[in-house]
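2 protein chains.
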Amino acid sequence: MQSFDVVVVGAGPGGEVAAGKLAEAGLSVAVVEGDKVGGECSFYACIPSKALLRPGELLEEVRHVPGAAEAVTGGLDVAAVLGRRDELIGHLDDSGQVPWLTDRGVTLVRGWGRLVGERQVAVGDEVLEARRAVILAGGTRAALPDIEGIDAVAPWTNREATTAERVPASLIIVGAGVVGSEMAQAYVSLGARVTLVAGRRVLPKEEDFAGEQVAARLVEQGVDVRLGQRPTAARRDASGVTVTLGDGSTVSADELLVATGRTPQAVDLGLEVVGVKPEGYVEVDAHMRVPGQDWLYVIGDLNGRALFTHMAKYQAAIASGEILGRPMVADHLADGPGSPRVIFTSPQVAAVGHTMASAGRAGLRVRVVDVGTEANAGGSYSGGGAGTARFLVDEDRQVLVGVTVTGTAVAEFLQAATVAIVGEVPVTRLRHAIPSFPTRSELWLYFFNEYGI
Amino acid sequence: MQSFDVVVVGAGPGGEVAAGKLAEAGLSVAVVEGDKVGGECSFYACIPSKALLRPGELLEEVRHVPGAAEAVTGGLDVAAVLGRRDELIGHLDDSGQVPWLTDRGVTLVRGWGRLVGERQVAVGDEVLEARRAVILAGGTRAALPDIEGIDAVAPWTNREATTAERVPASLIIVGAGVVGSEMAQAYVSLGARVTLVAGRRVLPKEEDFAGEQVAARLVEQGVDVRLGQRPTAARRDASGVTVTLGDGSTVSADELLVATGRTPQAVDLGLEVVGVKPEGYVEVDAHMRVPGQDWLYVIGDLNGRALFTHMAKYQAAIASGEILGRPMVADHLADGPGSPRVIFTSPQVAAVGHTMASAGRAGLRVRVVDVGTEANAGGSYSGGGAGTARFLVDEDRQVLVGVTVTGTAVAEFLQAATVAIVGEVPVTRLRHAIPSFPTRSELWLYFFNEYGI
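Residue numbers (the numbering used here), protein chains in the order written: chain A, 1236 to 1688; chain B, 1236 to 1688.
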């Protein structure tokens, strides 16, 4: 039986960061990985999706800037887009990611890790002992929706959509959350005919205007957007996949992508050993510990707090800090459902903290200020399309509690909002944080003016 | 004699905003302008310079993104760049700017405004009485350097450089501050042969690495950069302008741009009336008032506190707030020399608060953390070039006191740093402001890691 200070199960972003931080601090660490070091994010999610979207986004921007637009005579080079995507995901080989761990002295154990007792993880026939702690970072996988015949059609999930070697002539996407919306735009820009089938709204977790703007853009790009529809059955024949919708109509395409959410990979992790049923997300406290088990941490998607790579890494810092006697707890609002989040659609959607809906549910008395993302001098020459910036001020505490920005290239706008929210900077103080002229960050100045400070 | 609550002299960004805010609050306001409503910024500085730079910047970015790069077959369309610039500066006609004032009920008086007594401003033969206050917002103009024969060669200043109707085949630029550096890159990208003559460093007020990176890029772009040189004489003949340098060498070109600083437009403002000599910048207190004259405010470039449009607008809010009985004072570090500032060179330079040099002069005990702007997942697919992000932490107070970021499209990164500095958010708290993956804002995460929080 090999023995380590800490055994980490799962080498996605959370597991990697936790293992790395612990090893850097001098602990002996094993990380167990049954698939790829780097996890879903590096190979099948964040990275390839951005690789597919970025070229189209940039060409769209350049076409709006006279003087540069004239230099663009062609469209996207699909082979080059896919080729660059392949490079960025290391051609689905994780050997480029392993040195980050091994350079830090982490022992990589290939195989499926499973709790078999207190501080004991089995990998095949071998048992690894964890003298101090076990960290489970098992992640999530795509959830398959309840559609008759869905298994038989072998639908695409995020994995196939982000790694496809060719662009199908036509694609049906079920679900208009982050994956569905991003992939609809990626594939339509790469030349596919795309049908997007979704419930009431596009991007249902975000502010209404965000989903409305993305939906309008999808339509403009030629996507057949079918809202308020529920697929009831799917079948595949020689010509492709046919999906029957709730109203009895059908849509057909070469491929079907299901993007209706995630499900935790909690099965076969041995959670029963600590009396946790392997169903749904694993509950943890603010230190990322399973209540009652001071040696067992669960970080990343698997605890269901915030299904984002950056939050997995944050939780990795919390768990490893706790193990190293440098406690830090998840705190300051921009965590859980209010975590910072960027959706790389056109327009991009960047949000942190509350939406109007979640502020309402939380019983906050908020004042809402909307300004145009591009309605300033910075917007006049940059090449972006229209967008909206919404600020939610908690009127009882006079601090920001939520910001959503839509528009071209707004991803990097978010950090300012996150600092303001996490720092609980009073709005009268925030007013002295002057955005430079002529940047599009002047949306902050327009917020100050509109709010009357 | 016409009478108003407030008379504003100068309708640049500061004067416009002050007049607008006061009029919106119900006061009767006159604004006196002897040139163009909108000021230097709108016609001869911020706006046209960005119009000249943005197309080249965007083409450079797109050329780094495979899949999109292939669509670019041409270079900049110079006529289209200049045409778009002309649109953005309203073809040097300010009629597009006037309605912003008149819609708010501000009376626009065309002519040169001059103090002729307490609360009295003369415009030609007419005298305007200000019942409450006078705000001087006279701005600055380009300073001509002490070079023998400089007047006779009729050099370009920022005005000619930003509004030129054709691109000269060759251009000498003296001065490598913001104007000189930006215009060198704009003109070389538009096809001119550019020689940049400057003192010890490029961008001497910023962190060393910023100027070094911009200098390296200038050389790469084909600019003949001559540092450590002082021009001593200039003459023009039929073939163009020849400048003699301190080492006796000469450079010749079609045109000469002098970009060696600004000088306040304090002459002929009647400052003698209040006992202020019309030499240099006009000193004001934290309320933007001339000491001892509770009715007289000086805002914008003219007071020399921070020669930026955004700071002029900030000062306009302070002065108008004071007049309206809603006092707000300039505060919280990111003011004066530490004001937020963005230089739209390649790489861009965005800075707020202290540099290492200014922190040293201020006697602060700072810890310096440098990270790569693009050394994160966001940098891998975005198309940016290399850059550096420097964080200065005041070790006594454990707050950020300065941030400088260089790189492609980093202008919008600045606001997060400004909020952190103005909000004096402790770094241990700041650590919970998690940048989204995969954005380039993860440079914050690398700062946290490097700093050890």
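For the record, the hints were derived by calculation from the structure and aren't laboratory data.
Predicted model only: the values in this text are computed from it and were never measured.
Quick reminder that beta carbons are idealized off the backbone N, C-alpha and C, glycines included.
Hints are not guaranteed to be accurate.
Said to hold, decoys possible - If you want the footprint, here are the derived chain A segments under chain B, 3+ residues with CB under 8 Å: (1) 1275 to 1283; (2) 1301 to 1315; (3) 1473 to 1481; (4) 1627 to 1638; (5) 1676 to 1686.
Hints, one by one, checked against the model:
Coverage of the region 1275 to 1283 of chain A by chain B holds. Counting CB-CB distances below 8 Å, 3 residues qualify, and the rule asks for three or more. Check on the region 1301 to 1315 of chain A: 14 of its residues sit with their Cβ under 8 Å from a Cβ of chain B, so the three-residue criterion for coverage holds. Counting residues of the region 1473 to 1481 of chain A whose C-beta lies closer than 8 Å to any C-beta of chain B gives 0; at least three are required, and the coverage claim is violated. Three residues within the 8 Å Cβ limit are the bar, and the region 1627 to 1638 of chain A against chain B gives 0, so the coverage statement is violated.
Coverage of a stretch by a chain is defined here by at least three residues with a beta carbon nearer than 8 Å to that chain's beta carbons; for the region 1676 to 1686 of chain A and chain B the count is 4, and the condition holds.
Checked against the numbered hints above, the structure violates hints 3, 4; every other hint is satisfied.
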